[in-house]
Amino acid sequence: MYNLIGAGLIVIGAGIGLGQIGGKAMEGIARQPEATGKIQTAMIIIAALLEGLAFGALFLGK
Amino acid sequence: MMQVSNTIKTLLQLLILCFSLQSFALSDSEKEGTVTTKAEVDAYIQHHIKDAHDFHLFSYTSNGERKHVGFPLPVIVWSSNGLTTFMSSAFHHDDDGKVVVERNGSSFVKLHSKIYELNAGASQVEFDETHHATNAHKVLDFSITKSVMGILLVGLFMLMVFSSLARQYANKKVPTGFGRVLEPLVIYVRDEIALPNIGEKKYRKFTGYLLTVFFFIWILNLLGLTPFGFNVTGQLAVTAALAIFTLIIYTVSGNKDYWMHMLWMPGVPVLIRPVLAIIELAGAFIIKPFSLLVRLFANISAGHIVVMSLIAIMFTLKDSLGVVGATGLSLVLSFFITLIEVLVAFLQAYIFTMLSALFIGMAVAEHDHEHEHDSHGHELQDAEDVRGDFI
Numbered sequence: 000m001y002n003l004i005g006a007g008l009i010v011i012g013a014g015i016g017l018g019q020i021g022g023k024a025m026e027g028i029a030r031q032p033e034a035t036g037k038i039q040t041a042m043i044i045i046a047a048l049l050e051g052l053a054f055g056a057l058f059l060g061k
Numbered sequence: 000m001m002q003v004s005n006t007i008k009t010l011l012q013l014l015i016l017c018f019s020l021q022s023f024a025l026s027d028s029e030k031e032g033t034v035t036t037k038a039e040v041d042a043y044i045q046h047h048i049k050d051a052h053d054f055h056l057f058s059y060t061s062n063g064e065r066k067h068v069g070f071p072l073p074v075i076v077w078s079s080n081g082l083t084t085f086m087s088s089a090f091h092h093d094d095d096g097k098v099v100v101e102r103n104g105s106s107f108v109k110l111h112s113k114i115y116e117l118n119a120g121a122s123q124v125e126f127d128e129t130h131h132a133t134n135a136h137k138v139l140d141f142s143i144t145k146s147v148m149g150i151l152l153v154g155l156f157m158l159m160v161f162s163s164l165a166r167q168y169a170n171k172k173v174p175t176g177f178g179r180v181l182e183p184l185v186i187y188v189r190d191e192i193a194l195p196n197i198g199e200k201k202y203r204k205f206t207g208y209l210l211t212v213f214f215f216i217w218i219l220n221l222l223g224l225t226p227f228g229f230n231v232t233g234q235l236a237v238t239a240a241l242a243i244f245t246l247i248i249y250t251v252s253g254n255k256d257y258w259m260h261m262l263w264m265p266g267v268p269v270l271i272r273p274v275l276a277i278i279e280l281a282g283a284f285i286i287k288p289f290s291l292l293v294r295l296f297a298n299i300s301a302g303h304i305v306v307m308s309l310i311a312i313m314f315t316l317k318d319s320l321g322v323v324g325a326t327g328l329s330l331v332l333s334f335f336i337t338l339i340e341v342l343v344a345f346l347q348a349y350i351f352t353m354l355s356a357l358f359i360g361m362a363v364a365e366h367d368h369e370h371e372h373d374s375h376g377h378e379l380q381d382a383e384d385v386r387g388d389f390i
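In order, the protein sequence lines correspond to chains D and A. Under numbering that gives the first Met the number 0, think of the first position of the first sequence as 0, with each following residue one higher. Under numbering that gives the first Met the number 0, think of the first position of the second sequence as 0, with each following residue one higher.
Please keep in mind that the hints were generated in silico from the structure rather than gathered at the bench. Hints may contain errors.
As the list claims (entries may be wrong) - Computed list of chain A residues with no C-beta within reach of chain D, every gap over 12 Å: (1) ASN196; (2) MET261; (3) ALA297; (4) SER308.
Unchecked claim - Which residues of chain A face chain D? A partial, calculated answer using Cβ under 7 Å: (5) ARG102; (6) SER290; (7) VAL341; (8) ILE350.
For every residue, glycine included, the Cβ atom is placed at its ideal position computed from N, Cα and C.
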């Protein structure tokens with residue numbers, strides 16, 4: 000029961016985080032379209048790190 | 000009536016065969032009595048996620064007898080009587096320890112895709128109330144399992160394809176045939192992953208590893224989407240081995256600055272340095288490899304579970320939506336999720352390679368030793384020192 004609530008919280012947190020990353024990256028790209036490539040790379044790395052954390056927490060909580 | 004429902008079942012199974020063989024062996028629940036469709040789907044997905052000792056393509060029931068189609072793989076175990084080898088077909092697709100195989104003076108049973116050796120004198124496996132075997136023990140298992148088979152196939156494939164690509168460069172400048180597909184990918188990994196993350200001086204030394212790991216993960220991920228039921232990159236052992244390779248490479252090739260920044264961080268108060276050292280050590284030896292291995296494992300396993308659950312919709316929602324409705328829904332959903340999985344297959348290979356390159360780059364980065372000093376003579380942190388703390 001509690002691990003299900005924990006899993007839900009993890010997903011909510013990861014969702015907020017991914018939204019922030021994606022939103023800010025889009026803002027950045029809109030302001031400086033010439034830096035699109037660099038912003039995308041950084042975005043994917045940060046998203047991957049966040050995802051790793053979220054999956055790690057889900058995996059440990061299972 | 001029975002005939003009609005059997006015909007529908009056969010048609011349904013044919014449809015899945017066209018779409019994906021993965022959904023096979025979701026056998027009819029009515030005949031087995033107490034087992035519900037949901038439980039069966041669950042068991043089948045669990046079975047697929049795990050490694051297996053044989054290729055099980057599909058099964059069907061004819062004349063009240065369960066038939067299995069697939070092919071066996073060799074079992075190589077180190078038992079109490081030494082090395083023992085036999086084909087997994089000796090178990091006759093049994094997975095509950097019912098079939099006892101006697102070889103080389105020992106008796107073996109297969110329980111939940113694991114080989115157990117019966118203790119001396121025992122003729123049949125006995126279970127306690129939690130369904131653990133009481134009179135059998137695990138053996139050292141070196142079998143060519145489904146995953147090992149996948150790794151060997153992909154290794155052989157990569158060896159053939161890339162050595163022929165390399166040979167083509169010896170004769171002429173432009174590759175032909177399949178090499179034309181591979182060349183842009185190789186250059187992409189070199190110029191977009193290795194070069195920017197490791198730096199111009201050192202990147203050539205590590206490009207080989209990064210290319211190998213990229214293509215290995217990518218091809219295995221794609222192989223997992225084929226109907227043969229491979230789930231190699233969804234095995235913890237495989238992803239852990241890959242993560243340990245990266246760990247060894249960045250630990251061995253780490254230069255003086257890397258160890259200095261890890262153990263005795265310059266530019267911070269002395270009292271904080273031991274604390275930072277603990278965090279940095281945990282980061283380098285536990286968190287980085289763990290995040291690499293769990294990310295790949297969880298993404299691929301989750302992808303497989305989602306695809307198979309969506310395929311299973313046609314069985315679980317058959318009663319409420321009707322055969323056509325459930326099949327249509329399942330077909331549309333699983334088709335699009337499979338397309339996403341093709342993207343995920345590339346993305347996970349890219350991310351694993353990218354993060355490996357980043358970690359290696361952090362270990363071999365050369366710091367400028369003429370740090371700027373502020374008016375009190377303390378060192379100012381440069382950008383790379385700060386970056387190291389975050390990752």
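Against the structure, the hints:
1. With a least CB separation of 9 Å from chain D, ASN196 (chain A) falls inside the 12 Å interface cut-off, contrary to its annotation.
2. The beta carbon of MET261 (chain A) sits about 19 Å from the closest Cβ of chain D, which is more than 12 Å, so the claim that it is off the interface holds.
3. With a least beta-carbon separation of about 4 Å from chain D, ALA297 (chain A) fails to lie farther than 12 Å from that chain, contradicting its non-interface assignment.
4. With a cut of 12 Å on Cβ distances, SER308 (chain A) stays outside the contact zone with chain D, its closest approach being about 17 Å.
5. With 7 Å as the threshold, the beta carbon of ARG102 (chain A) stays out of range of chain D, its nearest partner Cβ sitting at about 37 Å, so the hint is violated.
6. For SER290 (chain A), the shortest C-beta to C-beta distance to chain D is roughly 4 Å, which falls under 7 Å, so the interface hint holds.
7. Annotation: VAL341 (chain A) was flagged as interfacial toward chain D, and the flag is violated, the nearest CB pair being 17 Å apart, outside 7 Å.
8. Because the beta carbon of ILE350 (chain A) sits about 4 Å from the nearest beta carbon in chain D, less than 7 Å, this interface hint is met.
Checked against the numbered hints given earlier, the structure breaks hints 1, 3, 5 and 7 and satisfies all the rest.
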